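Please model the complete structure; the sequences and the hints are all you need to start from.
Chains as they are written, first to last, in the working numbering: chain A, 1 to 152; chain B, 153 to 295; chain C, 296 to 477.
Just so you know, these hints were derived from the structure itself, not from any lab. These figures come from a predicted structure and were not determined experimentally. Heads up, the beta-carbon is just placed ideally off N, CA and C, and yes, glycines get one too. Hints are supplied without guarantee of correctness; some may be wrong.
[Said to hold, decoys possible] Each computed DSS-like pair below joins lysine-lysine, with the alpha-carbon atoms no more than 27 Å apart:
(1) B/219 to B/258
(2) C/357 to C/434
(3) C/434 to B/258
(4) C/357 to B/219
[To be verified] Non-contacting residues of chain A with respect to chain B, defined by C-beta distances greater than 12 Å in every case (computed):
(5) 4
(6) 84
(7) 101
[Said to hold, decoys possible] Cβ-Cβ distance ranges computed for the label pairs, FRET-style:
(8) B/234 to C/384: 53 to 61 Å
(9) A/6 to B/234: 40 to 48 Å
(10) A/85 to C/427: 34 to 42 Å
Given next are the chains, with one letter for each unit.
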Amino acid sequence: MTEPPALDLDTGHLPPRSRGVIALLEENCTVCMLCARECPDWCIYIESHKQTVPAPDSGRPRVRNVLDRFAIDFSLCMYCGICIEACPYDALFWSPEFGYPETGIAGLTHERDRLRDWMQTVPPPPAHDPGAPPPREAQAAGPGAGPAGQAG
Amino acid sequence: MVAVDLPLPRRQGETEAASVPAWVRVFDAGLACCAVEVSAALRRCAGQLPGDAVVNVLVVAGTVTDKLAPLVLAAYQDLPAPRRVLSFGACSNSGGPYWDSYCVTKGADQLIPVDVYVPGCPPRPEALIHGLRLLLSAAGDRP
Amino acid sequence: MTGGQLLGEAARRLPGARCAAEEGTVTIDVPREEWLAALAFARDTAGCDFFDWLTAVDEQEKGLAVVVHLYSIEDRRHLLVRTLVPPDDPVLPTATPLFRGAAWAERETHEMFGVVFNGHPGLAPLLLPDGFEGHPLRKDFPLVTRAAQDWPGAREPGERAAPARPRRRLVPPGVPEGWSPP
Numbered sequence: 001m002t003e004p005p006a007l008d009l010d011t012g013h014l015p016p017r018s019r020g021v022i023a024l025l026e027e028n029c030t031v032c033m034l035c036a037r038e039c040p041d042w043c044i045y046i047e048s049h050k051q052t053v054p055a056p057d058s059g060r061p062r063v064r065n066v067l068d069r070f071a072i073d074f075s076l077c078m079y080c081g082i083c084i085e086a087c088p089y090d091a092l093f094w095s096p097e098f099g100y101p102e103t104g105i106a107g108l109t110h111e112r113d114r115l116r117d118w119m120q121t122v123p124p125p126p127a128h129d130p131g132a133p134p135p136r137e138a139q140a141a142g143p144g145a146g147p148a149g150q151a152g
Numbered sequence: 153m154v155a156v157d158l159p160l161p162r163r164q165g166e167t168e169a170a171s172v173p174a175w176v177r178v179f180d181a182g183l184a185c186c187a188v189e190v191s192a193a194l195r196r197c198a199g200q201l202p203g204d205a206v207v208n209v210l211v212v213a214g215t216v217t218d219k220l221a222p223l224v225l226a227a228y229q230d231l232p233a234p235r236r237v238l239s240f241g242a243c244s245n246s247g248g249p250y251w252d253s254y255c256v257t258k259g260a261d262q263l264i265p266v267d268v269y270v271p272g273c274p275p276r277p278e279a280l281i282h283g284l285r286l287l288l289s290a291a292g293d294r295p
Numbered sequence: 296m297t298g299g300q301l302l303g304e305a306a307r308r309l310p311g312a313r314c315a316a317e318e319g320t321v322t323i324d325v326p327r328e329e330w331l332a333a334l335a336f337a338r339d340t341a342g343c344d345f346f347d348w349l350t351a352v353d354e355q356e357k358g359l360a361v362v363v364h365l366y367s368i369e370d371r372r373h374l375l376v377r378t379l380v381p382p383d384d385p386v387l388p389t390a391t392p393l394f395r396g397a398a399w400a401e402r403e404t405h406e407m408f409g410v411v412f413n414g415h416p417g418l419a420p421l422l423l424p425d426g427f428e429g430h431p432l433r434k435d436f437p438l439v440t441r442a443a444q445d446w447p448g449a450r451e452p453g454e455r456a457a458p459a460r461p462r463r464r465l466v467p468p469g470v471p472e473g474w475s476p477p
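So this is what it looks like as structure tokens:
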């Protein structure tokens, strides 16, 4: 029988898109609520309010959503990734960090600031496969819009 | 349930002179899929206890159904002091993905006092080691 | 035996059966009176020696469909035998004389759906705790926790708190429309 690999407490060896914890890039979030609605565990708590932004010239003022609270309850989370796939604005990311136990269960609900801190542990996306078709964004930009196969 | 004596692995560069006790006796209540991850961790770590003083840790790993809840409580009550409880995985933290089920206890802490919660579904085997280190560093002198 | 032979034999021996075959699986729908005859046919004539599972499907007004999955190891053919019991009289003879492995499956189907299997050696609950009331896998058994808990997705984007005038609120998946906790 082969020897099992030794335990490795760090995350450097983990493959891309490993599911450790979920990070939030608040700048991309438009409070569309899709992640909270699609979550099968109901573990994403979002609170927000509307804000009227006056237009610089004589344009009409716009209304935008302002995020007040974005929390993920990791005691309920089952790490399915549906929220990350559902987000149309790429505001949620996988991070491979897995070492965040708590002595109290309330500590497992991560608020906005902690979810932003996890963004620093999100690895860059892996490179495209060689020979893959160019991404749709490059195709939409027209011919000569940069080579495929390079990491972002 | 298996009692496994565990020397806790250390990170690269970490010295031996830490105030965290290095040995712990783990009782794995492997109720569901999280049991596989706990077994994977214990399998790579088990050793021979060099001294006497240990902490007995009940690791509740897996969904606590209403039918099995009395047995989890009995397991905790039978554990000799000094005893701690580590909840491993979403199901034993809070009911997890089965929080809305008709026959699931929403977390082991509905029955027994839990000292450390390890999140994950399932958590990696290494996450158990992180959880045990936190448990021992926070253990104090409670009986 | 080939699939064609099986369908022919089934038509001969089970007059009330409707058979369908697709991609290695044969489905036989029989009326309740031919239930044991169909299982005996599957085991003895069609060579289905492997009993996989027995369960039920709540078809609501039509009744409860009881389904058995059998497998023939030699012919490598899956067989689904299905019958329908009426909702006001969910009784079916037990399959345990033919397949001993059906004992626990019938216990589970009984506690989850309320189907009574006549002649079963001991139809006690299997998975549910003592004192549990109701049949949880029936469609009219609501997930009470889902309806009682506040759904985080019920808020509209930009909605600060519960709306002053309660308009039509979004219902989370899994809760019947208009259901509210008692």
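Comparing the hints with the structure gives:
1. For the given pair, residue 219 of chain B sits about 13 Å from residue 258 of chain B by alpha-carbon distance, which is consistent with the 27 Å threshold.
2. Note on residue 357 of chain C and residue 434 of chain C: the hinted pairing holds, with a Cα-Cα distance of about 12 Å set against a maximum of 27 Å.
3. Straight-line distance between C-alpha atoms of residue 434 of chain C and residue 258 of chain B comes to about 23 Å, which keeps the hinted pair within the 27 Å bound.
4. Among the hinted pairs, residue 357 of chain C with residue 219 of chain B is inconsistent with the structure: their alpha-carbon atoms are about 32 Å apart, more than 27 Å.
5. Residue placement check: residue 4 of chain A does not keep its beta carbon more than 12 Å from all beta carbons of chain B (closest about 6 Å).
6. Annotated as non-interface, residue 84 of chain A keeps its C-beta farther than 12 Å from every C-beta of chain B; the closest such distance is 14 Å.
7. At roughly 4 Å, the least C-beta separation between residue 101 of chain A and chain B is not larger than 12 Å, which violates its mark as non-interface.
8. A C-beta distance of roughly 59 Å is found between residue 234 of chain B and residue 384 of chain C, which places it inside the suggested range of 53 to 61 Å.
9. Restraint check, residue 6 of chain A to residue 234 of chain B: a C-beta distance of roughly 29 Å breaks the suggested window 40 to 48 Å.
10. Between residue 85 of chain A and residue 427 of chain C the Cβ separation comes to about 36 Å, which falls inside the hinted range of 34 to 42 Å.
Comparing the model with each earlier hint shows violations of hints 4, 5, 7 and 9; every other hint is respected.
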